[in-house]
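Sequences are here, hints too, so could you generate the full structure?
For the protein sequence lines, the chains are R and L, in the order given.
First residue of the first sequence? That's 1 in our numbering, and the numbers climb one at a time after it.
First residue of the second sequence? That's 1 in our numbering, and the numbers climb one at a time after it.
Since the hints were made in silico from the structure, they are not lab data.
This one's a predicted model, so the numbers in the text were calculated from it and none came from an experiment.
Calculated lysine-lysine pairs in the BS3-like style (CA-CA distance at most 25 Å, straight line):
| id | chain 1 | residue 1 | chain 2 | residue 2 |
| --- | --- | --- | --- | --- |
| 1 | L | LYS54 | R | LYS35 |
| 2 | L | LYS54 | L | LYS43 |
| 3 | L | LYS43 | R | LYS32 |
| 4 | R | LYS35 | L | LYS43 |
| 5 | L | LYS54 | R | LYS32 |
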Amino acid sequence: MAQHSRESHAWFLLVVGLLAWLVPGGGHFVLKERKRALIIFATIVLTFFIGLYIGSIGVINLFGTAAIYVKAAQIMNPPIVLVLGHHSASGIYPVYCWPSEIGQVYTMTSGLLNLLCIINAVYLAHLRGDELAGD
Amino acid sequence: MSLETALIIATFTTPEKIGTNPQAMLWLLPLAASISVAYKAMKMPTISVSSFLKETVILFGSIVAFVIIAALILYALAWLIV
Numbered sequence: 001m002a003q004h005s006r007e008s009h010a011w012f013l014l015v016v017g018l019l020a021w022l023v024p025g026g027g028h029f030v031l032k033e034r035k036r037a038l039i040i041f042a043t044i045v046l047t048f049f050i051g052l053y054i055g056s057i058g059v060i061n062l063f064g065t066a067a068i069y070v071k072a073a074q075i076m077n078p079p080i081v082l083v084l085g086h087h088s089a090s091g092i093y094p095v096y097c098w099p100s101e102i103g104q105v106y107t108m109t110s111g112l113l114n115l116l117c118i119i120n121a122v123y124l125a126h127l128r129g130d131e132l133a134g135d
Numbered sequence: 001m002s003l004e005t006a007l008i009i010a011t012f013t014t015p016e017k018i019g020t021n022p023q024a025m026l027w028l029l030p031l032a033a034s035i036s037v038a039y040k041a042m043k044m045p046t047i048s049v050s051s052f053l054k055e056t057v058i059l060f061g062s063i064v065a066f067v068i069i070a071a072l073i074l075y076a077l078a079w080l081i082v
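Now the structure itself:
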């Protein structure tokens with residue numbers, strides 16, 4: 001029984017983490033933290049789109065020659081980044097100098113903030129699971 | 001596709017013109033604001049409008065102040081060395 005409970009708890013944490021990655025704030029939303037979810041969603045999406053506005057979708061460099069830390073940070077954005085990365089890999093959206101730098105910083109920051117939100121949502125879900133088990 | 005939609009999409013397919021000048025540093029401000037908002041949204045135990053705004057503004061001010069201090073120190077070092 002305890003084994004089954006642990007397994008379902010692990011699955012719940014996985015679902016929360018996955019939702020938080022798919023939609024910024026999605027993890028907090030399923031945990032009934034609606035205000036947090038809304039603020040997180042608006043902030044991360046806005047940061048990501050400011051990055052795209054400054055540097056164009058050419059700053060998403062998942063399949064190109066960008067440094068590994070750039071790819072690692074950008075991949076933490078919601079999956080739409082994979083579609084944009086696929087389009088920008090064709091090389092028809094060239095971007096150089098400051099717009100490239102600033103656009104990359106913004107898109108990387110939104111990805112890292114999303115990672116932070118995923119970890120926070122999974123941690124909250126873990127704490128709630130422990131509270132339920134203690135009741 | 002309507003003209004408005006095409007224009008909106010076009011803004012995301014061509015980069016902005018940003019010169020290498022001190023004004024370009026102002027792009028730091030929206031980034032610091034988004035970091036402050038997202039961080040405080042996760043960290044505060046309960047979210048009420050007034051306390052959330054207050055905490056966010058304090059964090060935003062701290063980030064900007066420390067960046068300015070770091071810039072001044074680096075500027076002074078560069079002035080001493082060069």
